[in-house]
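Chains as they are written, first to last, in the numbering used here: chain A, 1088 to 1424; chain B, 1088 to 1424; chain C, 1088 to 1424; chain D, 1088 to 1424.
Hints should not be assumed to be uniformly reliable.
[To be verified] As a list, the in silico PhoX-like pairs of lysine-lysine whose alpha-carbon atoms are at most 25 Å apart:
no. : chain 1 : residue 1 : chain 2 : residue 2
1   : D       : K1236     : D       : K1257
2   : C       : K1136     : D       : K1102
3   : C       : K1207     : A       : K1346
4   : A       : K1102     : B       : K1136
5   : C       : K1257     : D       : K1102
6   : D       : K1257     : C       : K1102
7   : D       : K1371     : A       : K1091
8   : B       : K1141     : B       : K1346
9   : C       : K1102     : D       : K1136
10  : C       : K1371     : B       : K1091
11  : C       : K1371     : C       : K1136
12  : A       : K1371     : D       : K1091
13  : D       : K1346     : B       : K1207
14  : C       : K1207     : A       : K1371
15  : A       : K1346     : A       : K1141
16  : A       : K1346     : A       : K1136
17  : B       : K1257     : A       : K1102
18  : C       : K1207     : D       : K1091
19  : B       : K1371     : B       : K1346
20  : C       : K1091     : B       : K1371
21  : C       : K1257     : C       : K1236
22  : B       : K1207     : A       : K1091
These aren't lab readings, by the way, just hints derived from the structure by calculation.
Protein chains: 4
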Amino acid sequence: MQRKDYLQNPVEHMKITAPLTVDQLMRQFSGSGSFGAGRLAAACDVYEKMLRDKECTVFLALSGAVIPAGLKVLVSDLIRRRLIDVIVCTGASMVHDAIEAVGGRHYRSSWLVDDHELYKYHLFRIYDILVAEEDYIRLDYQLAELYSKIAEARKGEPLSSREFSWELGKYLSDPQSILRSAYEMDVPIFMPAVRDSEFGFIHWLHSSQQNRKNSLVVDAFKEVPEICDICNQSPRNGMIVIGGGVPRNTVQSAALASKKGMDYAVVITMDRPETGGLSGSTLKETISWGKVKDEADKVMVIGEATMVFPLMTASVMERLGAEFRRQPPLLLEGAST
Amino acid sequence: MQRKDYLQNPVEHMKITAPLTVDQLMRQFSGSGSFGAGRLAAACDVYEKMLRDKECTVFLALSGAVIPAGLKVLVSDLIRRRLIDVIVCTGASMVHDAIEAVGGRHYRSSWLVDDHELYKYHLFRIYDILVAEEDYIRLDYQLAELYSKIAEARKGEPLSSREFSWELGKYLSDPQSILRSAYEMDVPIFMPAVRDSEFGFIHWLHSSQQNRKNSLVVDAFKEVPEICDICNQSPRNGMIVIGGGVPRNTVQSAALASKKGMDYAVVITMDRPETGGLSGSTLKETISWGKVKDEADKVMVIGEATMVFPLMTASVMERLGAEFRRQPPLLLEGAST
Amino acid sequence: MQRKDYLQNPVEHMKITAPLTVDQLMRQFSGSGSFGAGRLAAACDVYEKMLRDKECTVFLALSGAVIPAGLKVLVSDLIRRRLIDVIVCTGASMVHDAIEAVGGRHYRSSWLVDDHELYKYHLFRIYDILVAEEDYIRLDYQLAELYSKIAEARKGEPLSSREFSWELGKYLSDPQSILRSAYEMDVPIFMPAVRDSEFGFIHWLHSSQQNRKNSLVVDAFKEVPEICDICNQSPRNGMIVIGGGVPRNTVQSAALASKKGMDYAVVITMDRPETGGLSGSTLKETISWGKVKDEADKVMVIGEATMVFPLMTASVMERLGAEFRRQPPLLLEGAST
Amino acid sequence: MQRKDYLQNPVEHMKITAPLTVDQLMRQFSGSGSFGAGRLAAACDVYEKMLRDKECTVFLALSGAVIPAGLKVLVSDLIRRRLIDVIVCTGASMVHDAIEAVGGRHYRSSWLVDDHELYKYHLFRIYDILVAEEDYIRLDYQLAELYSKIAEARKGEPLSSREFSWELGKYLSDPQSILRSAYEMDVPIFMPAVRDSEFGFIHWLHSSQQNRKNSLVVDAFKEVPEICDICNQSPRNGMIVIGGGVPRNTVQSAALASKKGMDYAVVITMDRPETGGLSGSTLKETISWGKVKDEADKVMVIGEATMVFPLMTASVMERLGAEFRRQPPLLLEGAST
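Could you put the whole structure together from the sequences, leaning on the hints where they help?
In structure tokens form, the structure reads like this:
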């Protein structure tokens, strides 16, 4: 590079007037450095491109407790407008969703409360969010019943975690539920570690009270071709990662195994790369594997997701218009049904 | 506490429609958990309270390279509307400001460039921001001349870093400059580590070419009573901290030394408390010292400042109205002049 | 508390002479603050207590890429001396182990290499560690053959991930392999997200070439009672967590579901609590759930595991003596076989 | 690079036997990945090289509260053996040292105590370390008296912060004190933000009770040529950075201003680069400025300093032998006296 090539893009200082819409602020962010604001502005651009690309399947990899913290309705709205086509998440996220769908609630409290007192009160803490054991128990009873019905209908035929998610969505009637919304919209939800959640423990309670032969079976590997086929059949693929962990790895591996490589990628995380963990690994690193293409539109936002993701979606929705709805890529339909 | 006391504040899930103004989004954030969005919403509320409190002096503690990254105009606008009353910052921040005020620029690049090539090109890197050595040199020449004038006018009488800042502001004519804006608006700028910047190195070059007796002298301790008097004379005090380090410590220590304790506090940082460093220390910890009052409105936002601070200011400006201007607390005038 | 109660434990400054054994240094660390050294010293004490408690089952929750980075032999040695009784890990960790067991290697490189060049060379990067695609392929062939044998022997009967791990261990002959060591020593290895790894993708390739009916089936939920029974039948339980994610959650949930609560806990992580993610959540938070007992010996070390965990083990091995071997708690035997 | 060039250095798995000396463990670390252990092993090598280089001046940049947390004696021992030649630190670090030198103590407590109760008890908290206000007051009285004596002796001639440090060291008699040890060993201590500490506040109290003309004056800029001359006259320079902030910037800037560039560099920090702050900036970035040479031996250890720094020193002392003492580079003597 020549010296002058480095000096092409002067920083444009933000000018904050009021009122600004979210997208107007993101436009101000786009001329700044990549410390945080510049990355967030770039993430809005990447998400917008994914959505305007009619042949792109949009994956959301979701970890952490962002659903109980306030993102449930945002995610279900994105599903209903098909601004997300596939979800890969922890079992816990969908447990949180299901708890609210059957009438439970999450409560804001403080991270400095007396945890032993909470223990005595049967209140569980997730940072500053509380949930009552009774809300878990209400869910447990309903799940046990549902498991019996599924097992009976399936006659021992194992489900994938995606099929299991849709069974849950079919059962739950709350229109704000992510599981319900995904079921209604044919959006697959994969839970590669579904066993590591209340869904797994209820299965244990349920099957120990009955003849195990009649219990529901989730085949751990059955979902692998399902998600790989989606990647494979879609002309282009994009991912938005919240957090990291197994969901991020699963989405990236699907892109690798299907020999496609992501065309668009946004990662929102607070993790750092130096520990060698997947969650903090850079998008640059994914190129070596073929998980994300070298030429992909991609950016990593170092920030907390309940702050960053709504900013991104509010900005992009503003660009696309309130009425914007997407149709999923044609090839996907076959895969998800 | 009773069990039911913990269950008073159910999470209100965000509902993102478009377009949303920044403040409308912050209102959506206020019902969520304190992972990030909830803290940011709380920070907007605290800043609004500071500004509506006519007897509160608002301190901005500024570290890191946020000025070259895009916050220069935002900060100078805040000064001109007196939404900030006092600044405490590193010398480097004001060097960045001065470089642009005398015609230099900062450029957006990448954090993955070849640093040895930059070295050969005399381009300096701050994460993804570049600045050319020639822009430093242009500043150097002007500073050397200015130092002579100040030294002559002062006749050996030492300056505080605050007086030095105002001398810089008097000299610079760029209305977007923070130093200039502060000078025009009687906003004191303290640089407790002023020596650790180009201001210090120019002094060395300048004084080594001349009879040292005639050189400008900055008295390191002279500013201590100046900032303590401001805290002391103000009925109430509030601080906004970007980053941490010496600026945060200086502001907090002024609140301690003047036996006032901050009444309002917002800290924006990515540092964590476990290393024992000041930058990541919690606001809870400051209570033990009397730096921040136990009953103060206070919140720490774990996030990057070029993203968080403009969000906060856009939201609060929207609440206060485009025409909102503050008058500094009366008692401050005597202190700063 | 009285004022004097706070002033009982003066900091004892470290005195570094040479040579010091690792444990001698840890003893020096024990008088210091809890920024890092004090926490590490406490972690040594907790692990020592776990090991000296003849009725304690020791769980290791393992995430991140610490096995290819250098901890493989350390972990297999711990298994062979029964200083670890149960492992819960990602599928990827055991893939890394298996790759080396069938003759592959991991290589040290740099995190600043050209990832597109690596892609063209079929070299995959994990931070600064490289692994060649050919080593994956060698494993793939062997796994495909093994899967057929297992499927045939099982006649459609699903395996738990623990049974699957032991099948792998039975097959691999490398005595330094973790999978092999665990198989020989009756140490269960649970992989709750086993599908999210090469083990899952090989299954896809394998089963797509054959009659699916004859393929190996891993029942996602089958391991739940297995791990809960271990917790339940053991008089006391302790956990060492490296990283976090699904492995940490699985171990903690087993303690919760079996209504035991961990009696000892060491968490080694770089994650922070404010995002609400499980990996960075505090041990204090686990008390509210009953995952860890309020009165448990517990400590969280904020540090990177390839540095922290060997320090801990070297220190504790020194205390226990080179010949120290543990017998697992009696009740465990029934559970793990 | 050829493909085979990437595959030259297979990971050597650590083998932990007992007892191991610290250096034996570091040797085990040297074959592992650069997640943490590999970086620490590299840092030991770099520090060893600095010390074996008879023409290298070793700078220690010190921030954070590591002195009260347990590193005081370690640092003063390093000074007495001249394993450190120059210190640059915050004022607070030397206040902590001075408090203990006049009979005060720091106490280990918890980061979860009631800070309002501490406030009422006049106990100040630094993460889990407590210090009593009375220990500050004892120091204050002695400093006020000392300031008068210095002012009288100096007759209005301003001091640099380095001269001020030596005046403190001359006054304090505790042989374990860092200030005392540095004074005895002619090791310069620079405090570029000396005003931001109890040293500054005492100055205010002291001078407000007296005729200001007779008060001690610290010239903020006077130290600039002092530290630059040391860099300039030393054939080679090395730095060890604990934390970051102003001390790191000051050392790096001295290397830049003297047109030398560091030949060796170890940075120990938990900060990350993406915020653009100096503390987390990479050593790669410093190359663009000429602060550290492209060809320098350099490594950044992502870890907490009270854990990492003693490990490094114990390992290196073991390599050099218990009797190893260094002579400072000859040229330094003139500069520091």
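Hints and how they fare:
Of the supplied pair hints, the one linking K1236 of chain D and K1257 of chain D holds, its CA atoms being roughly 12 Å apart against a limit of 25 Å. Between K1136 of chain C and K1102 of chain D the alpha-carbon distance is near 23 Å, which keeps this suggested pair within the 25 Å criterion. A threshold of 25 Å between alpha carbons decides the hint, and for K1207 of chain C with K1346 of chain A the separation of about 14 Å falls inside it, so the pair holds. For the hint pairing K1102 of chain A with K1136 of chain B, the CA-to-CA distance comes to about 23 Å; that is within 25 Å, so the pair holds.
As the CA atoms of K1257 of chain C and K1102 of chain D are separated by approximately 24 Å, the hinted pair is consistent with the 25 Å bound. For the hint pairing K1257 of chain D with K1102 of chain C, the CA-to-CA distance comes to about 24 Å; that is within 25 Å, so the pair holds. Distance restraint check for K1371 of chain D and K1091 of chain A: the Cα-Cα separation of roughly 21 Å lies within the 25 Å cut-off, and the hinted pair is therefore satisfied. For the hint pairing K1141 of chain B with K1346 of chain B, the CA-to-CA distance comes to about 20 Å; that is within 25 Å, so the pair holds.
For the given pair, K1102 of chain C sits about 23 Å from K1136 of chain D by alpha-carbon distance, which is consistent with the 25 Å threshold. Of the pairs offered as hints, the one joining K1371 of chain C and K1091 of chain B holds, with about 21 Å between alpha carbons and a cut-off of 25 Å not exceeded. Restraint check for K1371 of chain C and K1136 of chain C: satisfied, since their Cα atoms lie roughly 20 Å apart, inside the 25 Å limit. Restraint check: the Cα-Cα separation between K1371 of chain A and K1091 of chain D comes to about 21 Å, which is no more than 25 Å; the hinted pair holds.
Note on K1346 of chain D and K1207 of chain B: the hinted pairing holds, with a Cα-Cα distance of about 14 Å set against a maximum of 25 Å. This hinted pair checks out: K1207 of chain C and K1371 of chain A have alpha carbons roughly 14 Å apart, not beyond 25 Å. Among the hinted pairs, K1346 of chain A with K1141 of chain A is consistent with the structure: their alpha-carbon atoms are about 20 Å apart, no more than 25 Å. Restraint check for K1346 of chain A and K1136 of chain A: the C-alpha separation of about 22 Å stays at or below 25 Å, so the hint holds.
Between K1257 of chain B and K1102 of chain A, the direct Cα distance comes to roughly 24 Å. Compliance with the 25 Å bound is thereby established for this hinted pair. Proposed proximity of K1207 of chain C and K1091 of chain D is supported: the alpha carbons are some 13 Å apart, at most 25 Å. The suggested pairing of K1371 of chain B with K1346 of chain B holds, with an alpha-carbon distance near 17 Å, which does not exceed 25 Å. Restraint check for K1091 of chain C and K1371 of chain B: satisfied, since their Cα atoms lie roughly 21 Å apart, inside the 25 Å limit.
In summary, the hint linking K1257 of chain C to K1236 of chain C is supported, as the alpha carbons are separated by about 12 Å, within the 25 Å threshold. Restraint check: the Cα-Cα separation between K1207 of chain B and K1091 of chain A comes to about 13 Å, which is no more than 25 Å; the hinted pair holds.
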